[in-house]
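Working from the sequences, and respecting the hints, build out all of it.
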Amino acid sequence: MIAPPVQEKEFSLRIEEREPGDMTLFIFGRIAIDELNQFTAEVKSILDNKTLQKLEVNLGGVTYLDSAGALALFQIEEGHATRSVPVTFHDVTDEIKGILNLLDQKAHQIPPLAPMRKAPNILEQVGEAARLVLNDFYQVVSFIGELLIALVHSVLKPRSLRWNDVLFYMKSAGADGLPIVGLISLLMGLIMAFMSSLQLRQFGANIYVASLVAIAMVKELGPIMTAILVAGRSGSAFAAEIGTMIVNDEVNALKTMGFEPIRFLAVPKVLAAVFVVPLLTIYADFFAILGGLVVGVVGLDLTAYTYIQQTRNSIQVFDIVSSLIKSVVFAVLIAGIGCQRGFQVRGGAESVGTSTTSAVVSAIFLIIVADSAFAIILHYIK
Amino acid sequence: MNKDPIIEVENLTTRYGDTTILEKVSFQVHRGEMFMILGGSGCGKSTLLKHIIGLLNPYSGRIIVNGTDITAAGEDELRQLQKAIGVLFQADALFGSMTLFENIALPLSEYTDLSPEMIDRIVKMKLALVNLAGYENHMPAELSGGMRKRAGLARAMALDPLLLFFDEPWAGLDPVTAAELDILIRSINDAMRTTMVIVTQELASIFGIAQRVIMLDKSARGIIAEGEPKELKEHSGDPRVNNFFNRKA
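Protein sequence lines correspond, in order, to chains Z and G. Residues in the first sequence are numbered from 1 upward in steps of one, following this note's numbering. Residues in the second sequence are numbered from 1001 upward in steps of one, following this note's numbering.
Source of the hints: derived by calculation from the structure; they are not laboratory data. Beta carbons: idealized from backbone N, C-alpha and C, even for Gly. Take the hints with a grain of salt, since some may be wrong.
[Unchecked claim] To be clear about the criterion: a stretch of chain Z counts as covered by chain G if any three or more of its residues have a C-beta under 8 angstroms from a C-beta of chain G, and this derived list gives those stretches: (1) 32-45; (2) 57-68; (3) 95-103; (4) 115-123.
[Stated by the list, open to error] Partial pick of chain Z residues on the chain G-facing surface, computed with a CB cut under 10 angstroms: (5) L71; (6) Q75; (7) A107; (8) Q109; (9) I110; (10) P111; (11) E350.
[Stated by the list, open to error] Cross-link-like lysine-lysine pairs, in silico, DSSO-like; alpha carbons within 30 angstroms at most: (12) Z:K44 with G:K1083; (13) Z:K106 with G:K1083; (14) Z:K97 with G:K1083; (15) G:K1233 with G:K1024; (16) Z:K54 with Z:K97; (17) G:K1248 with G:K1024; (18) Z:K97 with G:K1003; (19) Z:K106 with Z:K118; (20) G:K1248 with G:K1230; (21) Z:K106 with Z:K50; (22) G:K1003 with G:K1230; (23) G:K1050 with G:K1233.
This is how it looks when you write it as C-alpha cells:
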C-alpha cells in the first residue's frame, strides 16, 4: 500500500560504492511533489562529485511515490544518460512499477498540436477591430429593423403584446429605480447650486442660481443622467437576462415553439423603457430643483417663493417637451442596445459578462451621440 | 483491500432551509478504494459529495477526511486538506479563459515551488496520462465533451491527490467515450492507489469498475444499501435497490 500517512514526510539517501565507479543509490521514504525540489537537489549534490561508470538506484526503501516523484526518478536516469552512465532501478515494488509504467517519460517531447497563442501584431489588431466594428454595425442595423417591425406589429395588434411583461419591466426599470435616481438628482442639484453660488454671489446674482439649476437640469443633465442610470441598472439587466436565456437554449426553445424572440423578449422591454424613462426624467428634474432650492434658501437667503418663481420663468414648455422627446429616444437606445447585446451572446457564461458590459458602454456612447445630435437640431428648430 | 478508512462520515444530517435531505448518514471509504455513491435524482448524492469536499457545512454530524474533521476544521486546515483532494465536477469546470496547460499548471504554480521546467514536464505528463498529449495549447472550448472531462481529470490530479472525487463523470458522454473514461479511471486507481469517490447513476460503469457502493434514497433520506454492486443486484431484498440495479420502473 503506497498511500502515505501524512506525518511521514521524509526521505533519505545513501550511496554505496561497490567497485570504483560502480555505485548504488539507496532511496528511503517518501518521494512526493511537496519535497521534490529538495529531493532533486540532494540527489544532485550526492552524485555530482562522483565519477560514475554505472549507477544502480535501489527503490526497496521507498514507501510512497507519486507521479512527480516518478518524474524525479526519470530525471536521474536522463541526467546520467547524457553522460553515457547507465542507470538501472532495483528492488522496484509492483506498486512503483505500476506508477512508472502508467506515466509517459517522453511526454514532454511530444510536439503541441496547436501553436502557442501569441498576441496579434498591430496590423492584425487594427484589421480585427475594423471587422468587429463593421460586423457590429451590420448586426445593430438588422436588429433595429427587426425591432421596428416587431414594434409596429405590436402597435397594430396591441392584444398580441405581453402587457404583464411590460408592467413587470416598468416596475424593475422605473419604480425600483426611483430611490437612486432621486438621490443622485437631489445631490446634483445641491452641488450645482452650491458651486455656482460661490461665483454668482460675488456679483450679487444669487437669484440666477435657480435659473442655472433649472436650465441645466431640464435641458441637458436631467435626461442624460437619468438615461445613464437606466443604462447601468436596466440596460445591463436586459442584456444579461437575454444572454443567459441564449446560453440555456431558452431562446431556441421559444423559436421552436413558434415565437419570435424579438417580439417576445425585446418589445416589452423597449416599451417599458419608453414609458418609464420620461417619467424618471421629470422626477429627476424635480429632485434637482429641490436640491437647488435647499441651497438657495439655506445658503443664499432666497425665499422658496422667489426661487420657484425664478425657476418657472427660466424654463419654457418647449424645453420640457424637447427633453421628454430626448428621453424617449434615449429609452429606445438603452433598451434596444441592451436586448441586442443579449441576443449577440454566443457560447457560455463568459460571453454574458462581455455582452452586459458592452450593453452599458454602447448605451452610454449612443446617449451622448444622440444628445449631440439633439443639441444641433433643437438649436435650428427653435 | 486495506480497511484503513480515509473518509469517515458519522451521523451526517444535511438540510436546505427546512428541508432535510439526508438524516443520520454514516459510512466509511477505505484507502485506495473505488467507491461510488448511487441513487435516483434528488436523493442527495451531490449534496453528500459537496459536504465531503467541504463546500457545504452539515446541519449536524461529523465528516473526517484523511484524519481531519472538516466540520470542525479552520480555514487553514481545510485548505491544507483540499490540496490533498482533487475534484472533477460534472460540468468539467475548466477555466474557459486559460489553455489546458494553464489550467493544469495553476495548482502547481500556486501550491508548489517547482521550477517552470518541472511544471512543464508534470503538466505534459499529466496530459499524456489522460491521452491528451499535445493538447497543451488548446482552449477548453476547442475540445469535445470527453476530452474536456479528461482534461478536468488531469487538472484534478495535478497535485497527485490522495483522494479524487467525481460528480457524474459519465453524464453526457457517448458509450464509447464513457468506456474509455472507465478504463482511464481504473488504470489510475490501480497504479496510483488513489482513493476515488464517484457520484453516479451510470449502471455500466458501476458494474464495470466500482468496488463498493452505497445507495441513497430520497424518501429514506439516507443509505438503503451498501456493498458490492453485483451482490446488491442479485441478492438485495429491497425493491428500490432491485429496480435501480436491474433498470426497472
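Provide an ascending list of the numbers of those earlier hints which the structure does not satisfy. none
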